[in-house]
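K.L.:
Sequence:
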Amino acid sequence: MKYNGRSDFKHGERGKIGVLITNLGTPEAPTTSALRRYLGQFLSDPRVVEVPRLLWKVILHGVILRIRPARSAKAYRTVWTDKGSPLMFHTQAQRDALAVKLAEEFGDGVEVAFAMRYGQPSIHNAIEGLMQAGVRKLVVLPLYPQYSGSTSASTFDDIAADFTRRRWLPDFRFISHYPDYPPYIAAVAEKIKAHWAEHGRTDKLLFSYHGVPKRYLLEGDPYHCECYKTTRLVAEYLDLGEDEYMTTFQSRFGREEWLQPYTDETLKALPAKGVKSVQMVCPGFSSDCLETIEEIGEENREYFIEAGGETYQYIECLNADNAHIDMMAQLVLENTQGWQPQDPALTTQTAQRAKELGAAD
Numbered sequence: 025m026k027y028n029g030r031s032d033f034k035h036g037e038r039g040k041i042g043v044l045i046t047n048l049g050t051p052e053a054p055t056t057s058a059l060r061r062y063l064g065q066f067l068s069d070p071r072v073v074e075v076p077r078l079l080w081k082v083i084l085h086g087v088i089l090r091i092r093p094a095r096s097a098k099a100y101r102t103v104w105t106d107k108g109s110p111l112m113f114h115t116q117a118q119r120d121a122l123a124v125k126l127a128e129e130f131g132d133g134v135e136v137a138f139a140m141r142y143g144q145p146s147i148h149n150a151i152e153g154l155m156q157a158g159v160r161k162l163v164v165l166p167l168y169p170q171y172s173g174s175t176s177a178s179t180f181d182d183i184a185a186d187f188t189r190r191r192w193l194p195d196f197r198f199i200s201h202y203p204d205y206p207p208y209i210a211a212v213a214e215k216i217k218a219h220w221a222e223h224g225r226t227d228k229l230l231f232s233y234h235g236v237p238k239r240y241l242l243e244g245d246p247y248h249c250e251c252y253k254t255t256r257l258v259a260e261y262l263d264l265g266e267d268e269y270m271t272t273f274q275s276r277f278g279r280e281e282w283l284q285p286y287t288d289e290t291l292k293a294l295p296a297k298g299v300k301s302v303q304m305v306c307p308g309f310s311s312d313c314l315e316t317i318e319e320i321g322e323e324n325r326e327y328f329i330e331a332g333g334e335t336y337q338y339i340e341c342l343n344a345d346n347a348h349i350d351m352m353a354q355l356v357l358e359n360t361q362g363w364q365p366q367d368p369a370l371t372t373q374t375a376q377r378a379k380e381l382g383a384a385d
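Residue numbering for the sequence shown follows our numbering, beginning at 25 and increasing consecutively.
What the hints contain is simulated information worked out from the structure, not anything from laboratory work. Hints may be right or wrong, so weigh each one.
Calculated lysine-lysine pairs in the DSS-like style (CA-CA distance at most 30 Å, straight line) [said to hold, decoys possible]:
| # | residue 1 | residue 2 |
| --- | --- | --- |
| 1 | Lys217 | Lys292 |
| 2 | Lys228 | Lys217 |
| 3 | Lys217 | Lys297 |
| 4 | Lys217 | Lys125 |
| 5 | Lys217 | Lys107 |
| 6 | Lys228 | Lys292 |
| 7 | Lys253 | Lys297 |
Note that the structure is predicted; figures quoted are calculated from it, not measured.
Build out the structure end to end from the sequences listed, making use of the hints.
P.N.:
Shown next as structure tokens:
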């Protein structure tokens with residue numbers, strides 16, 4: 025097996041700290057062909073769909089990828105902008121802002137990149153770029169506040185697979201979740217308070233998280249519990265009574281039972297219970313995307329209004345808000361304790377010794 029290395033390696037090169045933020049992914053374009061490629065990669069991940077591989081391969085390629093790409097492409101066209109996919113440009117903006125913030129601590133000794141678990145830029149290409157830039161210590165921050173095997177663990181799988189093909193591995197730290205991290209809780213809560221200051225409050229605040237099959241919870245995945253923990257902590261920060269908010273789960277797929285209560289069914293039922301106005305927030309999403317803009321912002325709005333609701337408001341994700349960037353920077357700094365970019369004076373000494381031993385550079 026051939027391992028990935030560097031033919032232009034220089035012994036006097038300064039070792040840097042690398043920071044990689046990752047998100048789920050997005051198709052390259054809102055077209056059927058692009059969605060078929062993207063969904064094919066996403067739904068082939070055994071962390072995402074835990075079904076016997078041979079059976080799932082038949083279902084995926086024989087049914088799903090023949091039907092779903094066209095439907096998904098139509099939905100993506102409703103959120104696509106001149107800058108492209110919202111998830112892509114929000115994550116790029118987060119990377120850019122985080123790089124500026126971390127440079128205040130590490131100067132030019134830090135490299136910050138972003139990658140998508142599915143689609144481009146890939147985790148492999150991002151790590152390759154960081155290694156080529158001289159990174160010798162790497163911290164990875166998947167932007168999933170609540171841990172799930174289908175998100176955080178899948179990201180780790182892809183990184184581990186990349187490492188098995190690398191000649192030189194960096195020192196490595198992985199931030200698997202942060203559902204109760206105080207700066208994250210404060211950022212979400214303050215975003216809600218800012219919305220209240222401008223638009224007022226409604227009868228109920230709904231925290232909507234992406235769903236997963238209930239079976240994952242029963243088999244030990246902590247995602248369900250971590251979502252409820254985030255909700256509770258934000259509600260405590262906002263001093264909400266138990267009847268003023270609730271947690272729901274969206275985006276279910278297939279016939280299997282998923283985590284409940286379901287967001288869409290909840291919104292259809294609330295007006296009959298006297299709840300005529302709601303505000304929606306999605307703390308499990310670090311960036312606005314199809315699931316927040318179209319599914320929560322539009323589709324579920326229609327369910328609520330058609331059921332007799334009167335006021336429906338969606339509170340945007342943290343995106344590249346200053347509080348979010350500050351939170352990410354603080355989380356990274358806490359997880360790089362003891363790390364510093366290599367001293368340039370030491371790299372000079374290393375280069376001299378290497379040349380004395382016969383190295384070209």
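K.L.:
All hints, please: hold or fail.
P.N.:
Results for each hint:
Distance restraint check for Lys217 and Lys292: the Cα-Cα separation of roughly 26 Å lies within the 30 Å cut-off, and the hinted pair is therefore satisfied. Among the hinted pairs, Lys228 with Lys217 is consistent with the structure: their alpha-carbon atoms are about 14 Å apart, no more than 30 Å. As the CA atoms of Lys217 and Lys297 are separated by approximately 26 Å, the hinted pair is consistent with the 30 Å bound. At roughly 25 Å between alpha-carbon atoms, Lys217 and Lys125 fall within 30 Å of each other, so this suggested pair holds.
Simply put, Lys217 and Lys107 have alpha-carbon atoms about 29 Å apart, close enough for the 30 Å limit, and the pair holds. Simply put, Lys228 and Lys292 have alpha-carbon atoms about 14 Å apart, close enough for the 30 Å limit, and the pair holds. With a C-alpha separation of about 26 Å, the suggested pairing of Lys253 with Lys297 holds against the 30 Å cut-off.
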